[in-house]
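S.K.: Sequence:
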Amino acid sequence: MKILVVGSGGREHALCWAIRRSPLCTELLCAPGNAGIAEFATLVPIGVEQVDDLTAFARTNAVDFVVIGPEAPLVLGLADKLAAAGVKAFGPSAAAAALEGSKGFMKDILAKYDIPTAGYGRFTDADAAKAFIRAKGAPIVVKTDGLAAGKGVVVATSLDEALAAVDAMMGDKLFGAAGDELVIEEFLTGEEASFFAIVDGTTALPLAAAQDHKRVGDGDTGPNTGGMGAYSPAPVVTPDIEAKVMERCILPTVRGMAAEGRPYRGILFAGLMIDEGEPKLLEYNVRFGDPECQVLMARLASDIVALMLAAAEGQLAGKTVEWSDDPALVVVMAAKGYPGSYRKGSVIEGLDQANQVEGVRVLHAGTERNARGQIVATGGRVLGITASGASVAEAQTRAYQAIDRIRWPEGFCRRDIGWRAIKR
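Oh and the sequence shown: position 185 is 185 in this note's numbering, straight run, nothing missing.
If you are wondering where the hints come from, they were derived from the structure by calculation, not from laboratory data. Among the hints, a few may not be true.
Said to hold, decoys possible - As a list, the in silico DSS-like pairs of lysine-lysine whose alpha-carbon atoms are at most 27 Å apart:
(1) Lys136 x Lys112
(2) Lys423 x Lys244
(3) Lys2 x Lys112
(4) Lys2 x Lys88
(5) Lys319 x Lys336
(6) Lys130 x Lys2
(7) Lys151 x Lys173
(8) Lys344 x Lys88
(9) Lys344 x Lys173
(10) Lys214 x Lys344
(11) Lys136 x Lys81
(12) Lys130 x Lys112
(13) Lys173 x Lys214
Said to hold, decoys possible - Each pair of labels, with its calculated beta carbon distance range:
(14) Met1 x Pro45: 31 to 41 Å
(15) Arg415 x Ala390: 20 to 30 Å
(16) Glu39 x Glu260: 35 to 45 Å
(17) Asp127 x Gly86: 48 to 58 Å
(18) Ala393 x Ala56: 11 to 21 Å
(19) Asp64 x Ala393: 15 to 25 Å
It should be emphasised that the depicted structure is a prediction, and the values quoted were computed from it without experimental measurement. Built from N, CA and C at the ideal position, the CB exists for glycine as well.
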């Protein structure tokens with residue numbers, strides 16, 4: 001098949017890497033892609049939110065299957081437009097993607113179908129939001145209803161911090177229209193984990209758990225980011241907890257979305273809080289996580305294309321998924337200043353040497369080639385050094401050995417990715 005992957009980040013590099021391993025893939029394209037993806041896919045210069053242009057390209061270029069990586073084109077209805085054009089796609093409809101596109105909608109679905117989650121309120125008025133915060137006290141969580149590139153969440157440890165978050169999101173429009181409505185939630189204690197299932201509208205097949213590191217600094221300090229590293233499997237998600245997540249969260253959501261007339265097809269990413277063996281759902285995302293996708297694709301032994309096709313065609317029943325026994329770990333290298341302002345265009349060297357470390361693959365997240373053929377940084381999160389090993393500790397050692405071969409003075413990374421699993 002001729003396959004088009006939509007996206008340009010580390011998640012999409014990981015997906016392209018896995019798709020290229022499939023005997024079903026005869027030609028691979030990526031829109032818009034990055035310098036790493038260009039090594040084995042043809043790049044198409046169309047942005048992820050140009051859904052009409054992407055649809056027209058897929059139709060006129062006889063693309064057989066489109067894999068939609070990020071959430072924005074899903075919320076904008078790319079899967080629907082492709083279906084209308086007769087092109088198969090992997091990813092939920094716009095109606096189903098509302099699980100991520102609107103946190104308020106998602107929380108209402110959880111409440112309606114009795115899925116365990118934090119108590120919450122929805123607000124379009126700042127004064128009402130502040131009154132709710134004062135009544136509940138701190139710590140408390142303030143979220144934009146709409147998409148904010150993974151940054152529209154403030155875990156406020158004081159009333160002043162929570163009230164300031166309301167002003168920033170609603171008053172100052174820090175995240176634009178995404179903050180027109182806020183969701184304010186009770187603070188949950190425990191350990192966070194990510195769990196993924198693949199869904200075909202009625203059947204949900206569990207994939208695997210991962211754990212990421214949101215804070216920018218070692219020891220989980222500093223501001224939240226899109227993710228500074230991850231590993232899989234996540235020891236906190238035991239087989240017992242996985243069974244609870246499927247029974248109490250994933251399956252009721254799939255049945256509920258079908259009952260709502262919004263059947264869900266694609267990847268369902270459950271952000272979990274686990275406390276004393278009991279999982280609660282923090283939120284859903286409607287695509288693979290980034291950087292979790294990198295470690296899942298490193299571990300996946302099954303044919304990803306066959307699984308995604310089965311989901312798109314409603315044929316997942318009876319399918320199984322095979323995984324490598326070896327854990328995988330990814331360390332994100334970011335541009336200095338991230339998650340605040342950072343400079344673009346700095347040159348990165350030593351990637352070939354890093355890729356020579358056993359068990360390592362350097363995945364690109366924000367790169368391009370300049371006119372001189374050099375790899376340069378174009379984003380905040382720029383590289384994902386992904387390593388497999390017999391243990392999380394071995395994978396961690398290999399990842400940092402590879403990082404130490406990379407010459408990029410303008411970049412930085414955390415040096416403690418995987419600490420929870422290693423401590424266990």
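S.K.: Hint by hint, say whether it matches the structure.
M.R.: Hint by hint, here is what the structure shows:
no., hint, in the structure
1, Lys136 x Lys112, "holds (22 Å)"
2, Lys423 x Lys244, "holds (25 Å)"
3, Lys2 x Lys112, "violated (41 Å)"
4, Lys2 x Lys88, "holds (11 Å)"
5, Lys319 x Lys336, "violated (44 Å)"
6, Lys130 x Lys2, "violated (52 Å)"
7, Lys151 x Lys173, "holds (13 Å)"
8, Lys344 x Lys88, "violated (36 Å)"
9, Lys344 x Lys173, "holds (25 Å)"
10, Lys214 x Lys344, "holds (22 Å)"
11, Lys136 x Lys81, "violated (43 Å)"
12, Lys130 x Lys112, "holds (25 Å)"
13, Lys173 x Lys214, "holds (23 Å)"
14, Met1 x Pro45: 31 to 41 Å, "violated (22 Å)"
15, Arg415 x Ala390: 20 to 30 Å, "holds (21 Å)"
16, Glu39 x Glu260: 35 to 45 Å, "holds (42 Å)"
17, Asp127 x Gly86: 48 to 58 Å, "holds (50 Å)"
18, Ala393 x Ala56: 11 to 21 Å, "violated (49 Å)"
19, Asp64 x Ala393: 15 to 25 Å, "violated (42 Å)"
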